Amino acid sequence: MAHEHKLAIFRGLLKFRSNVQKIWGVFAFLCVVTAVEVALGILKPQSLTHAHLLAMKVLNWIFILLTLVKAYYITWDFMHMRDEWKSLRRSVVWTAVFLICYLILILLIEGDYIFDVYKQNYIKFNF
Amino acid sequence: MEATVAKTGTEGKTWGGGHSPLNASYGKLMMWFFIVSDALTFSGFIASYGFSRFKFIDAWPIADEVFTHIPFYHGSPQPMIYVAFMTLVLIFSSVTMVLAVDAGHRMKQTRVAWFMFFTIIGGAVFVGSQAWEWATFIKGDHGAVETHGGRILQFLNTEGQRVSISDFAEPIPTERETLERNSGMWFQTESTRTSFTIDEVKAGFAKHEDLLIRTQYLDENGRPTVLSREASLEKLMNEGKMVVEGANLQHNEYGHPLFADFFFFITGFHGFHVFSGVVINCIIFFNVILGTYERRKSYEMVEKVGLYWHFVDLVWVFVFTFFYLV
Numbered sequence: 001m002a003h004e005h006k007l008a009i010f011r012g013l014l015k016f017r018s019n020v021q022k023i024w025g026v027f028a029f030l031c032v033v034t035a036v037e038v039a040l041g042i043l044k045p046q047s048l049t050h051a052h053l054l055a056m057k058v059l060n061w062i063f064i065l066l067t068l069v070k071a072y073y074i075t076w077d078f079m080h081m082r083d084e085w086k087s088l089r090r091s092v093v094w095t096a097v098f099l100i101c102y103l104i105l106i107l108l109i110e111g112d113y114i115f116d117v118y119k120q121n122y123i124k125f126n127f
Numbered sequence: 001m002e003a004t005v006a007k008t009g010t011e012g013k014t015w016g017g018g019h020s021p022l023n024a025s026y027g028k029l030m031m032w033f034f035i036v037s038d039a040l041t042f043s044g045f046i047a048s049y050g051f052s053r054f055k056f057i058d059a060w061p062i063a064d065e066v067f068t069h070i071p072f073y074h075g076s077p078q079p080m081i082y083v084a085f086m087t088l089v090l091i092f093s094s095v096t097m098v099l100a101v102d103a104g105h106r107m108k109q110t111r112v113a114w115f116m117f118f119t120i121i122g123g124a125v126f127v128g129s130q131a132w133e134w135a136t137f138i139k140g141d142h143g144a145v146e147t148h149g150g151r152i153l154q155f156l157n158t159e160g161q162r163v164s165i166s167d168f169a170e171p172i173p174t175e176r177e178t179l180e181r182n183s184g185m186w187f188q189t190e191s192t193r194t195s196f197t198i199d200e201v202k203a204g205f206a207k208h209e210d211l212l213i214r215t216q217y218l219d220e221n222g223r224p225t226v227l228s229r230e231a232s233l234e235k236l237m238n239e240g241k242m243v244v245e246g247a248n249l250q251h252n253e254y255g256h257p258l259f260a261d262f263f264f265f266i267t268g269f270h271g272f273h274v275f276s277g278v279v280i281n282c283i284i285f286f287n288v289i290l291g292t293y294e295r296r297k298s299y300e301m302v303e304k305v306g307l308y309w310h311f312v313d314l315v316w317v318f319v320f321t322f323f324y325l326v
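Taken in sequence, the protein lines are chains A and B.
So that you can map any letter, position 96 of the first sequence is 96 in the numbering used here, and since no number is skipped, the others follow by simple counting.
So that you can map any letter, position 292 of the second sequence is 292 in the numbering used here, and since no number is skipped, the others follow by simple counting.
Because the hints were derived from the structure by calculation, they are not lab data.
Everything numeric in this text was worked out from a predicted model, so none of it was measured.
We put the beta carbon where it would ideally sit given N, CA and C, even for glycine.
There's no promise every hint is true.
Unchecked claim - Think about it this way: if two alpha-carbon atoms lie no more than 27 Å apart in a straight line, the pair counts; the simulated DSS-like pairs of lysine-lysine are: (1) B:LYS28 to A:LYS6; (2) A:LYS86 to B:LYS304; (3) B:LYS304 to B:LYS108; (4) A:LYS119 to B:LYS241; (5) B:LYS139 to B:LYS304; (6) B:LYS139 to B:LYS235.
Claimed, not checked - Reference listing, derived: stretches of chain A covered by chain B, where coverage requires no fewer than 3 residues with Cβ under 8 Å from a Cβ of chain B: (7) 25-33; (8) 89-100.
Pulled out of the complex, with its shape left as it was, chain B reads as follows (with noise of 0.2 Å):
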């Protein structure tokens, strides 16, 4: 770097050059700089959760509620033990960057690749369970019914249990299809039915006596509103209008839309980020083993993504805590 710098002969002095500001390098100056954007920009997205979360105080659902599966297991419902696994495994991976950067100090190019090897598998891992949860949020679980106005109708027991619609609907025989594209106008298609119809729903409601309704809405002791069988059946035969099975972008069986919106969207962009926190790593770990870095001497770029694999680390913790927790 140094050959394409002119000499001023002012070498030394204040304002000759040469000074790096901040006693930080050039590059690692810049990943301060983006960390600092990047993190308004999730704050950003955060506040706009806590906004719509305070809009609706009294209708959001209970992360507790929602996130409660664990790959392999079929047992009671478990809230927060897979998000904490998946907590601890990125606080790991940011452990073994900060090894690896340790290492980098001390010039140990073996140590330097093993321990980005593992922080590229804990990231990998972290990527996957992401995955997973996503996928269980939309597949969804016991399935609602949304009402003309919106809202969300969940169904209970008379012992306060939850209970699938797929338990207690009752089949109507029809004819109806799927509409494809193959078989209608070409810009006609449909979106995937659900395995019930609201009829079924209704008339499997109406046939078994101890179903009652809960509302999204949170009495005083936050917990959603469990109506009478009365007011319940009144509630869905009145103002049912479709069966909700999970949650995509418009419509969420656990509660309000804008949950699931939120949750795609920022989980998203973080899982986003934590795979492009990936990808880097690979390149730095192929260049650590390449030995590019002994050739210059110097393992800084190590430590520069990893000031980024830790602002990814960072941005979960606040995620953990303002999804899943609070």
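The following block holds chain A by itself, in its conformation from the complex (with noise of 0.2 Å):
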């Protein structure tokens, strides 16, 4: 197996000198962006709060966004994705992103609905 390790990240913008510094390089990006997380979780600004994105507040998005940016870097980096070939990674991570992307879009629509259905119609609440 493979013992070398693609040491750029951002794309090739950083480079680091040994597998070591990469891991705690990554670590340093992840913290920054949990800690953008909490702080944006604490402040809640109303300008994110009040703008909303194909039915969903621009603040969620955000969120949403600077999560799968962590997921990324914890798959690609940790779990060493980035040095594994291409069709092992593609066939790993398509995979699951197209089934996730499936299954969330199916029930959020029909959540979505059956809200509908509770406000404009006789059935009250069900619990």
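Dock the two chains into a complex; use the hints.
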């Protein structure tokens, strides 16, 4: 198995000298992202909670985007996806991403529909 | 391993065997297999959480008001702080894990052992924090009243601050005792009674003129609706059915019971993963100390449990977002 690591992150913008250094670099980056999330979660800026994009608050989109960024670096650098063959990477990531997106789409549309049914019809509250 | 494989004379040819498809060993590939299927299980849970939340989008509890406690700290509510700490602990234990894998590649037994040890400690701290979070959630905060329709009414003073039911309920002397197994028929028993009855809460509410009720429905600003004094009185007297303290699988003083159900189910399932991860890490840790992988001349087992451990961290990143942030 390959012991060489690809040491550049951010599309080659940042290149580390050793694998250990890269690990700490990614850790620092993940900490920064988490800190931004927590700060936004505590402050909840009005401009972001009141603006909507595709039926969801902009703030929530930011949270989801930052989560995906974190997931990417955990998978790519901690789980060494960056060093694996393209074929392994794609069969793992694309499969999961496709099925999960499909599931989320279906369930959220259905949930929204049932919300409307409760709101506009005679069923008051179902718990 | 080599000894059990019969030579076929086709070694080195494409279909002659001995190749690692995708350039990963059998064990690592199977770990990836497991991770993909487990990821789908978790996304099933989180997507069904999203489903239920969209279903009751105008009446869902606000996580910032639910998880506000920090151990050994009794001041004002502090949302996010403790869970951010838990997240950092888990990410840090992921870092020590990947450092252990790196040391394993360079065949440094002592370093692998130490990093595995720190990973186990991190995992244990996380599971402990999770248990504390559960205990706090189950115990509850201010208490609330559930209506006949299954909705939750919470109490506020005129300044808009939450008031606990223990602060205003009027104790009514009563002879009623909890029915226990040894005093009734053998099959008769009663769940834990709340510290105040619904009548005591109603009496106390009527007496304190400055109390208002907050329903679980959100207004246009995303805040729970606060009723006027008259509407509050009417609502509580006519619809109040039972006192709810804390959260369990049927009742939840913070709002919709499904919120508690999903919280227990998803963080519980994740906590179980962390727990099994700690156990597996312990096994590998002892194998490292005993020198098993030195003799094998490969630390690939550390890499495989590492994959699992990072996956647990990965799931938490999503649970954190969808339970505490969004």
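Hints versus structure:
1. B:LYS28 to A:LYS6: Cα-Cα ~19 Å, so holds.
2. A:LYS86 to B:LYS304: With a Cα-Cα distance of about 19 Å, the restraint between LYS86 (chain A) and LYS304 (chain B) holds, given a limit of 27 Å.
3. B:LYS304 to B:LYS108: Measuring from Cα to Cα gives roughly 17 Å; hence the hint holds.
4. A:LYS119 to B:LYS241: 24 Å, holds
5. B:LYS139 to B:LYS304: 39 Å, violated
6. B:LYS139 to B:LYS235: 26 Å, holds
7. 25-33: Answer holds; 3 residues pass the 8 Å Cβ test.
8. 89-100: holds (count 6)
Going through the hint list in order, the structure does not satisfy hint 5, though it satisfies all others.
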